[in-house]
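Residues per chain are reported as follows:
Number of protein chains: 2
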Amino acid sequence: MAKRAYNFSAGPGVLPESVLREVQEEMLDYRGHGLSVMEMSHRSPVYQGIIDDAINRVKRLMKIGDDYEVLFLQGGASTQFLMIPMNFCQEGKVANYINTGAWSTKAIAEAKKIGKEVHVAATSEDKDFTYIPKEFNLSENPAYLHITTNNTIRGTEYKHIPELPAGVPIIADMSSNIFSKPLDFKRFDVIYAGAQKNMGPAGVTLVVIKKEMLKTINKNIPTMLDYSIHASKGSMFNTPPTFAIYVVGKVLNWIEEMGGLEAIEKRNIKKADYMFNIFDSSDFFRGTVVPEDRSLMNIPFRLPSEELEKKFLKEATESGFLNIKGHRSVGGCRVSLYNSLPMRAAEDLAKFMIEFEKNNK
Amino acid sequence: MAKRAYNFSAGPGVLPESVLREVQEEMLDYRGHGLSVMEMSHRSPVYQGIIDDAINRVKRLMKIGDDYEVLFLQGGASTQFLMIPMNFCQEGKVANYINTGAWSTKAIAEAKKIGKEVHVAATSEDKDFTYIPKEFNLSENPAYLHITTNNTIRGTEYKHIPELPAGVPIIADMSSNIFSKPLDFKRFDVIYAGAQKNMGPAGVTLVVIKKEMLKTINKNIPTMLDYSIHASKGSMFNTPPTFAIYVVGKVLNWIEEMGGLEAIEKRNIKKADYMFNIFDSSDFFRGTVVPEDRSLMNIPFRLPSEELEKKFLKEATESGFLNIKGHRSVGGCRVSLYNSLPMRAAEDLAKFMIEFEKNNK
Chain A
5 MAKRAYNFSA
15 GPGVLPESVL
25 REVQEEMLDY
35 RGHGLSVMEM
45 SHRSPVYQGI
55 IDDAINRVKR
65 LMKIGDDYEV
75 LFLQGGASTQ
85 FLMIPMNFCQ
95 EGKVANYINT
105 GAWSTKAIAE
115 AKKIGKEVHV
125 AATSEDKDFT
135 YIPKEFNLSE
145 NPAYLHITTN
155 NTIRGTEYKH
165 IPELPAGVPI
175 IADMSSNIFS
185 KPLDFKRFDV
195 IYAGAQKNMG
205 PAGVTLVVIK
215 KEMLKTINKN
225 IPTMLDYSIH
235 ASKGSMFNTP
245 PTFAIYVVGK
255 VLNWIEEMGG
265 LEAIEKRNIK
275 KADYMFNIFD
285 SSDFFRGTVV
295 PEDRSLMNIP
305 FRLPSEELEK
315 KFLKEATESG
325 FLNIKGHRSV
335 GGCRVSLYNS
345 LPMRAAEDLA
355 KFMIEFEKNN
365 K
Chain B
5 MAKRAYNFSA
15 GPGVLPESVL
25 REVQEEMLDY
35 RGHGLSVMEM
45 SHRSPVYQGI
55 IDDAINRVKR
65 LMKIGDDYEV
75 LFLQGGASTQ
85 FLMIPMNFCQ
95 EGKVANYINT
105 GAWSTKAIAE
115 AKKIGKEVHV
125 AATSEDKDFT
135 YIPKEFNLSE
145 NPAYLHITTN
155 NTIRGTEYKH
165 IPELPAGVPI
175 IADMSSNIFS
185 KPLDFKRFDV
195 IYAGAQKNMG
205 PAGVTLVVIK
215 KEMLKTINKN
225 IPTMLDYSIH
235 ASKGSMFNTP
245 PTFAIYVVGK
255 VLNWIEEMGG
265 LEAIEKRNIK
275 KADYMFNIFD
285 SSDFFRGTVV
295 PEDRSLMNIP
305 FRLPSEELEK
315 KFLKEATESG
325 FLNIKGHRSV
335 GGCRVSLYNS
345 LPMRAAEDLA
355 KFMIEFEKNN
365 K
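Chains A and B supply the protein sequences, listed in that same order. Just so we're aligned, residue 5 is where the first sequence starts under this note's numbering, counting upward by one. Just so we're aligned, residue 5 is where the second sequence starts under this note's numbering, counting upward by one.
In case anyone wonders, no lab produced these hints; they're calculated from the structure. Bear in mind the structure is a predicted one, so any value in this text is a computation, not a measurement. Where hints are given, some of them may not hold.
Which copy? The list can't say, so a pair holds if one copy fits it or any two copies do.
Claimed, not checked - Here are the simulated lysine-lysine pairs, BS3-like style, with alpha carbons at most 30 angstroms apart: (1) K215 / K116; (2) K117 / K63; (3) K274 / K219; (4) K237 / K318; (5) K237 / K163; (6) K329 / K63; (7) K219 / K117; (8) K117 / K215; (9) K190 / K97; (10) K237 / K63; (11) K215 / K131; (12) K131 / K274; (13) K274 / K63; (14) K67 / K116.
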């Protein structure tokens, strides 16, 4: 029996143990077909069944209908930073972004790099991205508004979807909180998310696009960067990352078996509360985000000194709590409590933190 | 004990059973670290060890030194069709291609689509791409010559590397015959290959670039399409397809344990000869490629009639020989005998074919 660590990695992150066991069992012989999913032609009926199943689960969890395309692409959110303005910012229009941290900043830079006019409709840079801007002002002729619904590094999360004037599409990078709670997904025109935080292994990016948006795509886009080409071929214009999609399907199945997004959210709140209760009951462990915008997924915090942080990180790692160092750009500590992290891991970490505070106050 | 099929798929293709068993064993707990490779931070020392190991194996098998960069990217060869001209065809220069089939044709189309001047230095289109052109003529000011060393659909393979004037880089798509035989890899300036045929699962593309080439890259390329950015970050500008790279490392290890490329080539010749001997000894099964350019990897053939082909495909599939239908664009039959296909599979298929001929002549 494998001993499983408590893995608080910000991504690639923890996966459900039951999913890994299924993948393990099917490794040499997928359901009597005599081959691994890794070895299957993507054009085979068996594999078509696997990708169709994953697409249908996305649609069920999002409660979206056939007016949306569900794509599985490659290149991570970083490639979406390029594809979004290239496809959806038309001549004479302005790409609008709300800047809530490192990833939004990169998305903005990429839109500028390919020559698009960019307007930053709001930013929380003034306070080190420790909150979500509640107000924003769009430019004239906005092509779209782009938001990052959860900020992996700074640990902030949108609690409300911004209200936009009719006709302005809203595009969201949901890489680090996708499927962590119920959301009115139908309010979005484009949703994208790298799989490696809350959905599966690295190497596949979920992209959900309202079909109407496909009609607005710019002309003369390179083939592999054109959403309409991927959509017209059901993500099979070229060989998709077949195995990663298969694992994503299993994780989505696990979410449904856990009771869907409502149940998952309850569980995520309970896990995060282990941390928030510590922050709110003492000033030894200090959450860095304004309470109303705290992410349930990524929770950064500081200790009274850098020496104590070093000591805490060392002792935590030795005690089997892995990957709780803050992102190299901000320092301190950070725990990521993705869907698949067992309740027990958060509970035990909380106990460890309370004990550490007692011993080091 | 899993019953393994004989899998002649053109890609994603068969993998070594021993590799799948190792992946299976390590699925929940990679070497005592308490997590799956899928769950590992790409910034962790353990994962850095995994990718470094894969890079070193590529360098050993190719016998190349530190004057080359070894990258693991996403998006398949189709994305390379775009990145190659975007990075390496400078203003005023001409992208040269030898057209040997469907993949070269797509590479040429993509270079044109992004506005590059393209010259087709040779083509075998006149005879349905059933041979490799031995002569070619470069344009004035060639940026590079691009070749496809093995043609998955038509079943032709280069036996000699084209000789070029000094200063003209040679770029090769080796997706379907990479590491199938020893080759003077040092003669190439850029080599790329989707992993899913001879190296691992779909979702990772090996790109090997002479470092000198990185100095010639065009300016203002979108971040994710710029080889120099991926090279400067050791393929970790963004999250790489961590699990797929791990499997590739294991397949390369398997090649080394099998005795390296010399031993692999001997084995591949022996497997292919099972087919070629049948073609050469009767005209019932008819290889479609001129004998001197026959690929060891992908072997297309026809039967005396479409009715017999249908019957043959049906009976072969029922007897457990999977994926031997020809590509939908050309019809007929095709077997792919990638490195990992067991000798026994080729031997048993040959027996089956001889028996079928006897019964249906």
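Cross-check of the supplied hints:
no.	hint	in the structure
1	K215 / K116	both (26 angstroms within a copy, 28 angstroms between copies)
2	K117 / K63	neither (33 angstroms within a copy, 34 angstroms between copies)
3	K274 / K219	neither (43 angstroms within a copy, 53 angstroms between copies)
4	K237 / K318	between (50 angstroms within a copy, 27 angstroms between copies)
5	K237 / K163	neither (35 angstroms within a copy, 35 angstroms between copies)
6	K329 / K63	neither (35 angstroms within a copy, 33 angstroms between copies)
7	K219 / K117	both (24 angstroms within a copy, 20 angstroms between copies)
8	K117 / K215	both (27 angstroms within a copy, 25 angstroms between copies)
9	K190 / K97	within (24 angstroms within a copy, 48 angstroms between copies)
10	K237 / K63	within (18 angstroms within a copy, 36 angstroms between copies)
11	K215 / K131	neither (38 angstroms within a copy, 42 angstroms between copies)
12	K131 / K274	within (28 angstroms within a copy, 68 angstroms between copies)
13	K274 / K63	within (26 angstroms within a copy, 49 angstroms between copies)
14	K67 / K116	neither (34 angstroms within a copy, 41 angstroms between copies)
Comparing the model with each earlier hint shows violations of hints 2, 3, 5, 6, 11, 14; every other hint is respected.
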